[in-house]
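Based on the sequences and whatever the hints tell you, model everything.
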Amino acid sequence: MIYSSITDLCYLISTVFFIIGLKRLSSPKTATKGNALAATGMILGILTALFGALGGEPVNNYGVIAVALALGITIGLIAAKKVEMTAMPELVSLFNGFGGAGTLALAVVELVGYLSGVEVPFGVLLTVLSALFIGAVSFTGSLVAFGKLKGIWNEKLKLPYSAYINVLLLLIVVIAMVFYSINPSAISLGFVLGLIFLSLFYGFSFVSPIGGGDMPVVIAFLNSLTGIGAALAGIVYTNNVMLFGGILVGASGIILTVLMCNAMNRSLAQVLVGNFGGTSSSSSDDGDRVVKEVSMSDLAVQLKYAKKVLVVPGYGLAVAQAQHVCRELEVLLEDEGVEVKYAIHPVAGRMPGHMNVLLAESDVPYEKLLDLDDANKSLEGADVVLVIGANDVVNPAAKTDSGSPIYGMPILEVENAHQVVVFKRSMNPGYAGVQNELFFKDKTKMLFGDAKQSLSGLVKELAEV
Amino acid sequence: MDAIISWIGENILFIYLLIFAIYLGTEIIGKVPVVLHTPLMSGANAISGVVVIGGIILVRLTPSDDYFGLFIGFLGITFATINVAGGFAVTQRMLSMFNKKKKS
Chain A
-15 MIYSSITDLC YLISTVFFII GLKRLSSPKT ATKGNALAAT GMILGILTAL FGALGGEPVN
45 NYGVIAVALA LGITIGLIAA KKVEMTAMPE LVSLFNGFGG AGTLALAVVE LVGYLSGVEV
105 PFGVLLTVLS ALFIGAVSFT GSLVAFGKLK GIWNEKLKLP YSAYINVLLL LIVVIAMVFY
165 SINPSAISLG FVLGLIFLSL FYGFSFVSPI GGGDMPVVIA FLNSLTGIGA ALAGIVYTNN
225 VMLFGGILVG ASGIILTVLM CNAMNRSLAQ VLVGNFGGTS SSSSDDGDRV VKEVSMSDLA
285 VQLKYAKKVL VVPGYGLAVA QAQHVCRELE VLLEDEGVEV KYAIHPVAGR MPGHMNVLLA
345 ESDVPYEKLL DLDDANKSLE GADVVLVIGA NDVVNPAAKT DSGSPIYGMP ILEVENAHQV
405 VVFKRSMNPG YAGVQNELFF KDKTKMLFGD AKQSLSGLVK ELAEV
Chain B
277 MDAIISWIGE NILFIYLLIF AIYLGTEIIG KVPVVLHTPL MSGANAISGV VVIGGIILVR
337 LTPSDDYFGL FIGFLGITFA TINVAGGFAV TQRMLSMFNK KKKS
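Chains A and B are the protein sequences, given in the same order. Residues -15 to 449, numbered by this note's numbering, are exactly what the first sequence covers, in order. Residues 277 to 380, numbered by this note's numbering, are exactly what the second sequence covers, in order.
Watch out, some of these pointers could steer you wrong.
[To be verified] 30 angstroms max Cα-Cα, derived DSSO-like pairs, lysine-lysine:
| # | chain 1 | residue 1 | chain 2 | residue 2 |
| --- | --- | --- | --- | --- |
| 1 | A | K134 | A | K66 |
| 2 | A | K427 | A | K361 |
| 3 | A | K429 | A | K361 |
| 4 | A | K13 | B | K307 |
| 5 | B | K307 | A | K17 |
| 6 | A | K7 | B | K307 |
| 7 | A | K13 | A | K66 |
| 8 | A | K444 | A | K352 |
| 9 | A | K352 | B | K307 |
| 10 | A | K325 | A | K429 |
| 11 | A | K325 | A | K352 |
| 12 | B | K307 | A | K361 |
| 13 | A | K325 | B | K307 |
| 14 | B | K307 | A | K383 |
| 15 | A | K276 | A | K288 |
| 16 | A | K352 | A | K429 |
| 17 | A | K7 | A | K352 |
| 18 | A | K291 | A | K325 |
| 19 | A | K361 | A | K425 |
| 20 | A | K444 | A | K292 |
| 21 | A | K7 | A | K17 |
Think of the hints as simulated: they come from the structure by calculation, not from any bench. Owing to the predicted nature of the structure, the values given are computational and were not obtained by experimental measurement.
Put into structure tokens, the structure is as follows:
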């Protein structure tokens, strides 16, 4: 009796740690502590599961558990340590997929147990089936999202009429789940396998038509799904940490998804059903238009005599690993008395807040990072704006061309500055697949090449001027 | 239909709790700044690996000769642990980058 009370108490403490941890994670000052707190809660939860009271007679199988834990911790920690900061969104997606797979595994074992004809209450069966479905969708969906961000997923690999097929698939799965929940005796191995297959397939067909630019939102959404899956598993196991931890993640994940959608001025329905970058608008005929190029030495001089320079960093800067050279340039210019600030678009990088992490990695002071509103105010008086590896976030089409897939997304209005210089690898369009009018404006000059090489060249020139 | 209604009747306290927990989850991160979106998502993601607890309970209760159950349970624990350990570690790494410059 006391044993099981202590077990429950430990789970309760663990849940409270999750709540406070999550709360602290959402404020810059307390975030590190919040993460540590949540991790402590998890360790306590795991220890309690290992040594606490169980609903039945324990067999323990500690050997199996120990190997599994050790393996998981090793793989997880190595992946977390090795990953480049630019690849963070992919990794989060991959981790999330593993969480989904965990839920899937639990549900499968539970269901196979029911095959032997145990009496199962209505609610429990529906919960297990839902957990299986959600776990499977989150697993394969996350893998597709990972592949898309990594660039190894073939974008052409999607079903025709995918929107209709997906609705149909979802209907079939839901009807089957409800039917078998009401008629538990009809459950067969064929049904279980069929449901697993359909659910896994749905994860693929659900995420594959969604454009790469929307992957952050999808990952946040799938993360929320994994939370819901964990909560469902918690109901099945009558385990409160899993239940409430899962709900917390599920609910906060949905909010985070909506916040991310807001940052891109898109609705969740648009992201999940709509097709980002699928159709290109009319303004793609730029065959005979020319852009102006700027030489590195000219730009160096211009920067040196500028009063205020704004940098608009984008994913291109991150992939080229140019954030450190960028910081060097900033320091050099500051020494010359030039005011340098960074204009950070909410979705710069591959995920909201991703660019802040990348710049923090190269020691850019926090005060130098301007958010969208401040940046747009600051842009009006800026002498030179350096757009480095960013494209869609400075595309005026978002304001002017209602046919453009990025129409309505708030942008950094770099045109308000006296001079815009775009660092770009080539004239290829950005992630959303649309050409950028900005490049052809009178104020705009282009500096072609790898962001890192261009910036180091610029640093050299500046030293000589 | 009767089954559903009686299920609701039997679990009404649980449904209350569920609603409060969902509300708590949405409120708790309501005012998060954009800077923290990525770390927060990653931290929340780590918490969703809490299914590892279910995996452990499952394996502890599985008869030692039920190789199928043990094997799937083993996979479940391993996968969920990757999610948990990797998730917290990567969040820590991201956050430490914000912190180091405060000191300098």
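Hints numbered earlier in the text: which of these fail when held up against the supplied structure?
Of the numbered hints given earlier, the structure breaks none, since each of them holds.
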